[in-house]
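One letter stands for each residue in the lines below.
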Amino acid sequence: MLTGHAPEVVAVRGGAVALGGRPVLRGINLAVHEGEFVALMGANGSGKSTLVRAMTGLRPLAAGSVELFGTDLASYRDWQRIGFVPQRSSAASGVPASVWEVVASGRLTRRRLLRPLGRADRVAIKAALDVVGLGDRLRDGVTALSGGQQQRVLIARALAGEPDLLFLDEPTAGVDLPNQEALAGALRILNEGGATVVLVAHELGPLARLVDRAVVMRDGRIAYNGAPLGDDTVHHPLFLESHSHHHAEPVRRDHAPHVAAPLDGSR
Amino acid sequence: MSILTYDFMIRALVAAVFTGLAAPAVGTYLVQRRLALMGDGIGHVAVTGVALGLLTGASPTWTAVGVAIVGAILIEVIREQGRANGDVALALLFYGGIAGGVLITGLAGQSAARLQEFLFGSITTTSVSDVWVTIVLALVVVTLCVGLLPQLFAVAQDEEFAQVAGLRVRFYNVLVAVLAAVTVTVAMRTVGLLLVSALMVVPVATAQQVTRSFRTTLGLAMLLGTGASLGGLVLSALASSRYSVAPGPSIVLLALLGFALTWPIGAALRRRQRLAEPFVPEPPLGHEITDEHPHAHGPDCGHVAVTHGDHVDYVHGGHRHAIHGEHYDEH
Chain X
1 MLTGHAPEVV AVRGGAVALG GRPVLRGINL AVHEGEFVAL MGANGSGKST
51 LVRAMTGLRP LAAGSVELFG TDLASYRDWQ RIGFVPQRSS AASGVPASVW
101 EVVASGRLTR RRLLRPLGRA DRVAIKAALD VVGLGDRLRD GVTALSGGQQ
151 QRVLIARALA GEPDLLFLDE PTAGVDLPNQ EALAGALRIL NEGGATVVLV
201 AHELGPLARL VDRAVVMRDG RIAYNGAPLG DDTVHHPLFL ESHSHHHAEP
251 VRRDHAPHVA APLDGSR
Chain C
1 MSILTYDFMI RALVAAVFTG LAAPAVGTYL VQRRLALMGD GIGHVAVTGV
51 ALGLLTGASP TWTAVGVAIV GAILIEVIRE QGRANGDVAL ALLFYGGIAG
101 GVLITGLAGQ SAARLQEFLF GSITTTSVSD VWVTIVLALV VVTLCVGLLP
151 QLFAVAQDEE FAQVAGLRVR FYNVLVAVLA AVTVTVAMRT VGLLLVSALM
201 VVPVATAQQV TRSFRTTLGL AMLLGTGASL GGLVLSALAS SRYSVAPGPS
251 IVLLALLGFA LTWPIGAALR RRQRLAEPFV PEPPLGHEIT DEHPHAHGPD
301 CGHVAVTHGD HVDYVHGGHR HAIHGEHYDE H
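Going down the list, the sequences are from chains X and C.
Position 94 of the first sequence, counting from 1, maps to 94 under the numbering used here, and the rest follow consecutively.
Position 302 of the second sequence, counting from 1, maps to 302 under the numbering used here, and the rest follow consecutively.
I should point out that these hints are in silico values taken from the structure, not numbers from a laboratory.
No false leads were mixed into what you were given.
Derived DEER-like restraints, expressed as beta-carbon distance ranges:
1) 99/C x 174/X: 45 to 51 Å
2) 263/C x 127/X: 35 to 41 Å
3) 87/C x 223/X: 39 to 45 Å
4) 114/X x 304/C: 42 to 48 Å
5) 139/C x 209/X: 55 to 61 Å
6) 22/X x 260/C: 47 to 53 Å
Derived coverage of chain X by chain C (criterion: at least 3 residues anywhere in the stretch with Cβ under 8 Å from a Cβ of chain C; other residues may be distant):
7) 72 to 81
8) 129 to 141
Where is the CB? At the ideal position from N, CA and C, for every residue including glycine.
Make the full structure from the sequences, and use the hints.
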């Protein structure tokens with residue numbers, strides 16, 4: 001759904017991000033309009049993930065500004081409108097968690113402290129699970145699922161909050177084709193419902209059909225911002241990339257005790 | 001059995017129940033964050049707190065709570081910074097805590113035996129006021145751990161997601177650290193500072209052998225913790241007529257026994273789950289019929305049935321047999 005004059009949902013103006021004092025993103029100007037499906041592409045290390053993290057407030061800006069729904073990020077509080085699927089290959093943690101529990105945590109944006117789940121919450125959780133095609137697995141532990149299915153759980157978690165704006169960081173990395181198709185189907189339903197999608201991807205695969213606009217990053221700056229590009233064009237030398245693939249290896253952990261230092265894991 | 005009706009024993013039983021409930025409740029969140037050893041670290045730091053109490057004449061419980069909270073927040077800050085040498089910083093904190101404790105105890109003119117009460121527990125010497133402090137602190141810990149389960153679960157499960165969901169991640173992280181510190185000091189009189197981490201972690205490790213969801217793990221761990229705590233205390237009391245058995249170690253060893261008995265069940269469940277994992281739903285390369293096959297596959301034939309796309313493959317001697325009309329295909 002491409003709407004030329006729809007209001008700006010995300011606006012980055014003169015954005016810059018520094019990691020440990022080194023400038024990473026510079027001079028980023030980018031607006032995403034309501035209902036758009038934008039793909040952020042680029043080589044490894046081009047800064048596409050960093051840009052999404054800056055837009056969600058996970059990375060502070062060194063300069064410039066980010067606005068979400070017309071409000072500056074620093075004073076933005078309306079988090080139930082935002083959905084976020086972080087970049088990771090597994091939904092597992094140190095203790096078993098069921099598919100339903102992980103997806104239910106997506107409702108937290110809309111729940112008050114110490115209140116039990118309401119009917120609307122349960123309906124939204126079930127609907128999100130059905131959209132990603134895991135409605136029959138809700139009692140299973142997330143570790144029992146394949147890497148691609150775990151990625152779909154994380155997407156369902158974001159969908160459960162019924163967001164108007166969804167950020168996805170590499171949702172297809174290391175995910176097999178049937179799971180990518182399921183994911184594309186879920187995102188189409190969401191986008192057709194009027195939600196805005198900002199997707200970080202190295203390769204679009206089955207998601208290519210959905211993309212309204214491609215933004216290609218190159219060494220921390222926006223190198224291209226316009227009509228969708230085929231995968232072959234994105235890998236053009238202009239974008240500093242010879243052909244390469246992600247081969248994210250899904251880390252599978254069971255819940256047998258592991259020996260770990262107190263600081264292991266987390267980041 | 002009459003030993004169980006003495007006043008000091010009843011106080012000890014009450015303290016054991018509440019400690020057994022609270023320790024695994026916090027422990028579940030620590031294990032979820034893969035910070036299973038954090039309780040141990042806080043325990044070491046709290047030794048200095050106890051010693052400060054002995055030196056100043058203040059209640060060792062409260063000085064231990066204070067120092068443990070400071071230590072826990074320090075550990076949390078180091079963890080958040082995520083420095084590569086963070087484990088070394090933690091080690092410095094741990095050993096500083098225990099060395100400081102022993103040194104200050106000496107300065108206070110107290111014997112090592114006095115400190116040992118706190119290191120390995122002395123549940124049978126708890127006073128009425130000690131028991132009340134244990135009950136109140138344990139109830140606070142359990143209430144927060146259960147009441148804030150959705151928030152604490154989300155933060156520990158995926159910090160970045162929780163932050164974008166608008167949760168105050170740092171607040172919840174510090175809360176877990178403080179709850180862990182309070183629990184350590186609550187459990188100090190029961191199992192002792194050096195064994196407290198066991199009561200926080202072992203019931204969780206046992207519970208997760210058989211559970212699939214977070215909430216059942218938390219509930220079962222609290223149940224197991226209470227059971228181990230009560231059982232260990234009663235066993236040591238019953239044995240006390242013949243042998244000198246300290247309650248702390250018997251509680252921990254009972255919890256470990258529970259784990260040892262549950263682990264094979266967990267291993268079997270995990271193996272069964274792995275075997276039943278669906279095959280990639282790709283069609284076979286061609287139509288290949290198995291050799292003469294005298295065996296009829298079915299739901300009860302003893303061969304593992306694995307979902308493969310829209311049908312089931314039976315795993316048979318390294319092959320995958322799919323029913324096709326009158327014969328079996330190799331898939």
